[in-house]
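Asks: Sequence lines, in order, name chains D and Z.
Counting in my numbering, the first sequence runs from 220 upward without gaps.
Counting in my numbering, the second sequence runs from 31 upward without gaps.
There's no promise every hint is true.
To be verified - The calculated lysine to any residue pairs, modelled on SDA-like cross-linking and capped at a C-alpha distance of 20 Å, are:
id	chain 1	residue 1	chain 2	residue 2
1	Z	K190	D	L283
2	Z	K190	D	N272
3	Z	K190	D	M282
4	Z	K190	D	S279
5	Z	K343	Z	E395
6	Z	K190	D	N286
7	D	K253	Z	W147
8	D	K253	D	D295
9	Z	K190	D	V249
10	Z	K190	D	D295
11	Z	K190	D	L252
12	Z	K363	Z	D309
13	Z	K465	D	N272
If you are wondering where the hints come from, they were derived from the structure by calculation, not from laboratory data.
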Amino acid sequence: MSEWTRGPSASPGRPDDPYALLLAELDESVRALKQAARRLRHSAQGIPAVECNADRILASTRMLEINISDLLRDPDSLASFDRDSRVE
Amino acid sequence: MHSTRYWNPILETMPRERLREVQLRKFRNIVTWAYENSLFHRSLYREAGFEPGDLHTLEDAALVPKVDKSHMRGIQRKDPFPYGDMLCVPLDRVTEFRQTSGTTGQAVYQADTWQDWEWWAECWSYLLYSQGYRAHDRVFLPFGYNIFVAFWAAHYAAEKMGCEVVPGGVLDTEARILKMQELQTTAMMATPTYVLGMAEKARAMGIDPRTDLSVCRITCAGEPGASIPATKHRIEEAWGAKVFDHCGATEIGAWGFECEEQSGGIHLNEGLFLAQVEDLETGELIEEPGRKGRLVITALDRIAMPCVRFDSKDVVEWADGLCSCGRTFRLFKGGVVGRADDITKVKGVLLAPSAIEEVVRSFEELGDEYEVTVVKRGDLDDISLKVEPASGFDLSGERLDGFLRSFKDQLRLKTNLGYKVEVVEAGSLPRYALKAKRFKDLRKVNGA
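Chain D with its partners taken away, still in its complex shape (with noise of 0.2 Å):
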């Protein structure tokens, strides 16, 4: 038996989807984890130990998203920065 097929968070509704449950959960925390990265980036006002720290955790949620979130749905972008956004 696969993994997959004894996942430990069986879904009533997709007895063949065992870790929808478990995805849904774990991808709502990302987007969450997410969110919060990115307003502490834009509310840094040029503060480098806050910028460049945002972006290194918004570059390990986006390891996050292609372990998780990418499953469900497409990301809404494939980089964890804004391209526009320069690093001073």
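Dock chain Z against chain D, hints included.
Replies: Chain Z in isolation, oriented as in the chain D frame:
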């Protein structure tokens, strides 16, 4: 969550049908990203009459023009300097420079953002976790920490997984062995050539890697050796450790790994990569096991210099069925079995250098090193092979005659070719620290 043998059980055990759906979405996204952000890709696709909107199924992936090293060399050193217009992000978002080793020509420059570098570590995390690396491991990395990508991402992945990483950068081989002994390191990663060379050096120092060192797990990369049974066996015997293969490239990423089941192949990480295998001569797509072809591969999440339908020139063959480890990622039988540009016709016979290595290292009378030379004599190909006796074996007189008969028989059996074999003095053949160059085709050099 229960304990797991997978880095990401959701992705690694996903039913194939769903996995293919995810791959199609991701493939469309990376192709669109490359088209919208890189002049190089946009021009390439438009010249071929292709638009990202043409992608409806994974079979449509074959419509996307391939890229190879020559494309990358062609744009290199142009703006944005030094990467050229394949770059999809502003230069101030590039945090990593690496270049290829230049084994097959001019070195290729590679840019990565920090996000890409996180992704590199993510690729390596999948493979190290599948090979049993855990937070309690103390991992030794005996490589140069220089301009080549080598095991850099392995370092970051092992850290991410909680391992203790010991960087053996500028130390020489002797110092590395002593440090491994002192720290009782439990795992290491290097090329098969270097791992064998380290064992030889350790024994010369009076240190038996099997009993005097604590390494129980070795990950090899950079050469096909760890998937060549005789070479894998030699390394495992020399170190008393399990040896795992891994495949990747600077331009692609760390795309393949042998898992703990060691079922005779390497997994393609289909969560992060999409691969097609094409017939070496016709380019026809190969989906079934039993036929060798060249690997054309896409990194689904790499953004600074996207790797879309890259002709890796690696020769692979799909394995039959899935691995007993439970992963739904397909396997390549025997790993990368050669390079499209290494597999050559000698006396009209297709020859993969790895087949010679398999024979050489299956003879206990022989050392690890060998050298193959192909020359043209008149209209005929001439292939010669130099080998060294293993320590403690006397290959002279009648013993030599007997050995040569049996050795040449095996070579003919495995490669369908006859060789001029010379047993040279132990230690006289070149030793290599990174990628070895043991196969020398001098036919073109000779002007033939």
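Asks: Name the hints, by number, that the structure is in violation of.
Replies: 5, 10, 13
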